[in-house]
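Undergrad: First residue of the sequence shown? That's 535 in my numbering, and the numbers climb one at a time after it.
Calculated directly from the structure, the hints in this document are not laboratory data.
Please note that the accuracy of each hint is not assured.
Said to hold, decoys possible - Below, simulated BS3-like cross-link-like pairs (lysine-lysine); rule was C-alpha separation at most 25 Å, straight line:
1) Lys557 with Lys688
2) Lys688 with Lys709
3) Lys730 with Lys549
4) Lys587 with Lys561
5) Lys730 with Lys561
6) Lys557 with Lys569
7) Lys669 with Lys557
8) Lys569 with Lys587
9) Lys549 with Lys587
10) Lys705 with Lys671
11) Lys688 with Lys669
Said to hold, decoys possible - Pairwise CB distance ranges, derived in the manner of DEER restraints:
12) Leu746 with Val715: 21 to 31 Å
13) Lys673 with Arg644: 56 to 66 Å
14) Arg570 with Ser679: 36 to 46 Å
15) Glu640 with Glu606: 31 to 41 Å
16) Thr683 with Glu581: 37 to 47 Å
17) Pro743 with Glu543: 39 to 49 Å
18) Gln712 with Glu543: 38 to 48 Å
19) Asp686 with Pro553: 36 to 46 Å
20) Arg644 with Glu585: 23 to 33 Å
21) Ala647 with Asn555: 15 to 25 Å
Heads up, the beta-carbon is just placed ideally off N, CA and C, and yes, glycines get one too.
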Amino acid sequence: MENILDIIESIAHEKGLSPENVKTAVKTAFIQTAKRLINPEFAYDAEIDDETKSIRVYQTITVVEDDDERLEGEEAQAYIGLSRAKAEVDPDVEVGDEFQIEHDIESHGRTAAATLYREIEFHIQRMVEDDLYNKYKEKIGTIASGRVTRVDGKQNTYVEMDEVRAILPMKSRIKGEQFHVGDVVSAVVRRVNIDKVNGISIELSRTSPKFLE
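Given these sequences and hints, build the entire structure.
TA: What follows is the structure in structure tokens.
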């Protein structure tokens, strides 16, 4: 893929992320796409050429003894026998040496493009969530403010705070107080969690001793 560095710079600027971290995420996305499209058992690597602004994906092949059982297993294409390697690759090659075969991800057509897009989106989103998690984890025990976006049937209040949405549970509200959509609310950041399914979640409290000080 050409102009990958321009894409990386654009993503980094838009998401407020480090270009180096985005580069790592994009390389991981290409590797995962290769695993999905070619073979999940193979060992891949990705390299970005700063001059051409392109990225290349390689499959790593390991040289093993001619009688190695892995040459007959499901992962056979990840290995090559010593005799064959000496004849086809390099007469000085030794057991344990590795070499790489380049794979053109784009040759797989629309399936590759769709898979790659999903992988990049997934890894970038995880990176954004990790940054937010670290940011708000440091704010535990401090007061934060946001605007109410919803109050559910159990009177739990959902608050939009900059890049994230937090929840102020009914049990963590001061007795008798009510909130409506559009209200600005201040509360103590009580808990910050993150998981692969739901992403980042933040719980607020207005009954914490620190809020009532």
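Undergrad: In this structure, is the beta-carbon distance linking Asp686 and Pro553 contained in 36 to 46 Å?
TA: holds (40 Å)
Undergrad: When you take the CB atoms of Arg644 and Glu585, is the distance between them in 23 to 33 Å?
TA: holds (29 Å)
Undergrad: CA of Lys705 to CA of Lys671, is that 25 Å or under?
TA: holds (22 Å)
Undergrad: Please work out if Lys549 and Lys587 have their alpha carbons no farther apart than 25 Å.
TA: holds (21 Å)
Undergrad: For a C-alpha distance cap of 25 Å, please report whether Lys557 and Lys569 respect it.
TA: With a Cα-Cα distance of about 19 Å, the restraint between Lys557 and Lys569 holds, given a limit of 25 Å.
Undergrad: Would the hint linking Lys569 and Lys587 be met if the CA-CA limit is 25 Å?
TA: holds (23 Å)
Undergrad: For the pair supplied as a hint, Lys669 and Lys557, is the alpha-carbon distance within the 25 Å limit?
TA: Roughly 21 Å between the alpha carbons, so the hint for Lys669 and Lys557 holds.
Undergrad: Does the Cβ distance between Lys673 and Arg644 fall inside 56 to 66 Å?
TA: About 43 Å separates the Cβ atoms of Lys673 and Arg644, which means 56 to 66 Å is violated.
Undergrad: CB of Pro743 to CB of Glu543, is that within 39 to 49 Å?
TA: Since Pro743 and Glu543 have Cβ atoms about 46 Å apart, the given range 39 to 49 Å holds.
Undergrad: Take a quick look at whether Lys730 and Lys549 sit within 25 Å of each other, Cα to Cα.
TA: Holds, at about 19 Å.
Undergrad: Given the hinted pair Lys730 and Lys561, is their alpha-carbon gap at most 25 Å?
TA: holds (20 Å)
Undergrad: For the pair we were handed, Lys688 and Lys709, check the Cα-Cα distance against 25 Å.
TA: Status holds; Cα separation ~14 Å.
Violated hints for the displayed structure, listed by number in ascending order: 1, 11 and 13.
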